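Asker: Work the whole structure out from these sequences, hints included.
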Amino acid sequence: MVSPVQSRGSSNYAYSVARVRAMKSKLLPKETYARLVNMKIDEIIRFIEESEYKQDVDELARTYDGIDLIEHALNKNLASTFTKIINFTNGELNYILTEYLKDYDIWNIKAILRGKYYGAPVDEIKESLVAAGQLSYGKLSALAEKDSEDDVIEALQNTQYYIILKEYEKGQLWKIENLLDHMYYSSLFQTLGSTKISDRRHFMKFIRTEIDIKNITLLMRLKKYGTIDAEKSADLMIAGGLELGLAEIEKLLPLSFEELLQSLEKYSYWNAIADIADPNIDSLTDLETQLTKYSLRTAGSFSHEYPLSIAPIMDYILNKKNEIRNLRIIVRGKASNLSEELIKNQLVI
Amino acid sequence: MGAQDVKPTRSELIALKKKIKLSESGHKLLKMKRDGLILEFFDILNQAKDVRNELDAAYANATEKFKFAEAVEGRVTVKSTAFALKNTPEITLRSHNIMGVVVPKIDSSKVHKSLNQRGYGILGTSSYIDEAVESYEILVDKIILAAEIETTMKKLLDDIEKTKRRVNALEFKVIPELSEAMAFISLRLEEMERENTFRLKRIKA
Numbered sequence: 000m001v002s003p004v005q006s007r008g009s010s011n012y013a014y015s016v017a018r019v020r021a022m023k024s025k026l027l028p029k030e031t032y033a034r035l036v037n038m039k040i041d042e043i044i045r046f047i048e049e050s051e052y053k054q055d056v057d058e059l060a061r062t063y064d065g066i067d068l069i070e071h072a073l074n075k076n077l078a079s080t081f082t083k084i085i086n087f088t089n090g091e092l093n094y095i096l097t098e099y100l101k102d103y104d105i106w107n108i109k110a111i112l113r114g115k116y117y118g119a120p121v122d123e124i125k126e127s128l129v130a131a132g133q134l135s136y137g138k139l140s141a142l143a144e145k146d147s148e149d150d151v152i153e154a155l156q157n158t159q160y161y162i163i164l165k166e167y168e169k170g171q172l173w174k175i176e177n178l179l180d181h182m183y184y185s186s187l188f189q190t191l192g193s194t195k196i197s198d199r200r201h202f203m204k205f206i207r208t209e210i211d212i213k214n215i216t217l218l219m220r221l222k223k224y225g226t227i228d229a230e231k232s233a234d235l236m237i238a239g240g241l242e243l244g245l246a247e248i249e250k251l252l253p254l255s256f257e258e259l260l261q262s263l264e265k266y267s268y269w270n271a272i273a274d275i276a277d278p279n280i281d282s283l284t285d286l287e288t289q290l291t292k293y294s295l296r297t298a299g300s301f302s303h304e305y306p307l308s309i310a311p312i313m314d315y316i317l318n319k320k321n322e323i324r325n326l327r328i329i330v331r332g333k334a335s336n337l338s339e340e341l342i343k344n345q346l347v348i
Numbered sequence: 000m001g002a003q004d005v006k007p008t009r010s011e012l013i014a015l016k017k018k019i020k021l022s023e024s025g026h027k028l029l030k031m032k033r034d035g036l037i038l039e040f041f042d043i044l045n046q047a048k049d050v051r052n053e054l055d056a057a058y059a060n061a062t063e064k065f066k067f068a069e070a071v072e073g074r075v076t077v078k079s080t081a082f083a084l085k086n087t088p089e090i091t092l093r094s095h096n097i098m099g100v101v102v103p104k105i106d107s108s109k110v111h112k113s114l115n116q117r118g119y120g121i122l123g124t125s126s127y128i129d130e131a132v133e134s135y136e137i138l139v140d141k142i143i144l145a146a147e148i149e150t151t152m153k154k155l156l157d158d159i160e161k162t163k164r165r166v167n168a169l170e171f172k173v174i175p176e177l178s179e180a181m182a183f184i185s186l187r188l189e190e191m192e193r194e195n196t197f198r199l200k201r202i203k204a
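Chain order of the listed sequences is X and P.
According to numbering that gives the first Met the number 0, the first sequence holds residues 0 to 348 in order.
According to numbering that gives the first Met the number 0, the second sequence holds residues 0 to 204 in order.
To be clear, the hints were calculated from the coordinates, so they are not data collected in a lab.
Just so you know, not all the hints are guaranteed correct.
[To be verified] Straight-line C-alpha distance at most 35 Å; calculated DSBU-like pairs for lysine-lysine:
hint : chain 1 : residue 1 : chain 2 : residue 2
1    : X       : Lys83     : X       : Lys292
2    : X       : Lys231    : P       : Lys85
3    : X       : Lys231    : P       : Lys78
4    : P       : Lys112    : X       : Lys125
5    : X       : Lys83     : X       : Lys125
6    : X       : Lys250    : P       : Lys109
7    : X       : Lys343    : P       : Lys16
[Said to hold, decoys possible] What follows is a set of in silico ranges between Cβ atoms, one per label pair, in the way DEER data are often shown:
hint : chain 1 : residue 1 : chain 2 : residue 2 : range
8    : X       : Ile275    : P       : Gly99     : 52 to 60 Å
9    : X       : Ala238    : P       : Asp49     : 44 to 52 Å
10   : X       : Lys165    : P       : Lys153    : 22 to 30 Å
11   : X       : Asp277    : P       : Lys109    : 27 to 35 Å
12   : X       : Ile280    : P       : Asn52     : 21 to 29 Å
[Unchecked claim] A few chain P residues facing chain X, derived, Cβ under 7 Å:
hint : residue
13   : Ala70
14   : Gly123
15   : Glu179
The structure displayed is predicted, hence computed values, not measured ones.
No residue lacks a Cβ here, since even glycine has one placed at the ideal position from N, Cα and C.
Answerer: Structure below.
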């Protein structure tokens, strides 16, 4: 099912970075979000319909309408943008980005398996696909049309995911999902191998920051909502973080939520959450948003530090994802009558 | 039963006296049952008010968390995550007796689950999803509790109404009619007694 990994060869950095910079200039400026939050829902929809997303909205207008149309158009645009990047990059750069975007393949496989497990209609499963990874929409659609989870897994037997998928036991989707996510990072580390090549080193730094943020969020979720023992929790953690290695995480696992927050003070991520980190906090969503903002800021600083590397491209990918996220928050938030303050707090600008 | 329809006989009078005695003791018991049920009802009413308030709050919270998760993660993600859990809560219905009124007792499997029992993988999801799921789990738990209490309350109300009707029927219809019939028979028997005495005196004379 999966196309063979692209030959590494020489990368076209100058061309790729120039194109990505041009694409980045088309991203919505910060001030636009403030304007959008103050607009009425119809005005926001019209704004999106007349922006970079026009083509996607027009293409999907026959199938969807209203807020759903906007959400699907945003997802479609994200998928086509990432596919475009993969198509104009070469060699090592293309190889790294392809590996990074496998995240979407995993998301799509999970979505199909969930849908099959639940017995959801094929159309509804297809609606949840975001073909921004290596598996094309056609391949994913064919998977969604299979009769059962076992048939989907069987159809994926020539992929790297099969080694995990074959262990699937009915009703135990969560195990497979967690293993697939672990596999994503371990396979990223494995395939990128040596970090002597500067581009891979930059990329690794970026990924390891992402792992730290994922692990911190996971630790907080486990402490706040979970009743999972420390041993089982340790299996969930992702190895390879930049500041928090597995040994350090193991020390954090038995701590209470309050002690965990105190322990996080010594890491650089603390600055991002210090203002709102309170042991009695009701919701973790604001903390998660702050960490996402931190992740974006870090990507932005990498991109200035290493202007002719993978960093500006990763920065664009993250900013594009963020633009989609922000637009969705504004559109859905407005349609659901969420307060402007709540919407503004969740925007990562 | 009109007083005029009864046969003015001594045996009828004895039967009526028995009926009145039975009706009066039934009336007393039913009144006691009605008062007892009303007391139970007020107890349940307070619980029902609390549960209803908690249910309203849980519903408002769940709706907000859901909208929030939908806004941040997208409807597509929320829907797909929801597909990961197919289990429906198992509910066992038992009955429970309050002063002769059979009310339901609902035992359900715990809907509120820990993070690793929700069907979806933790690594690929976020706290927005966790909070939406948690708030809906709490809501379902509250709905089950409210269903038990509100059904009990409705059954008690029905039974209070029924008992009240019986008490009123006994108090204002059955007992007065029986008393009237008894009075009529007594009067008639006395009359017959007097007629008899007069007849005997006439024969003697």
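Asker: If a hint holds in the structure, say so; if it doesn't, say that too.
Answerer: Outcome of the hint check:
no.	hint	in the structure
1	X:Lys83 x X:Lys292	holds, 25 Å
2	X:Lys231 x P:Lys85	holds, 23 Å
3	X:Lys231 x P:Lys78	holds, 27 Å
4	P:Lys112 x X:Lys125	holds, 29 Å
5	X:Lys83 x X:Lys125	holds, 21 Å
6	X:Lys250 x P:Lys109	holds, 32 Å
7	X:Lys343 x P:Lys16	violated, 83 Å
8	X:Ile275 x P:Gly99: 52 to 60 Å	holds, 57 Å
9	X:Ala238 x P:Asp49: 44 to 52 Å	holds, 48 Å
10	X:Lys165 x P:Lys153: 22 to 30 Å	violated, 53 Å
11	X:Asp277 x P:Lys109: 27 to 35 Å	holds, 29 Å
12	X:Ile280 x P:Asn52: 21 to 29 Å	holds, 25 Å
13	Ala70	holds, 4 Å
14	Gly123	holds, 5 Å
15	Glu179	violated, 68 Å
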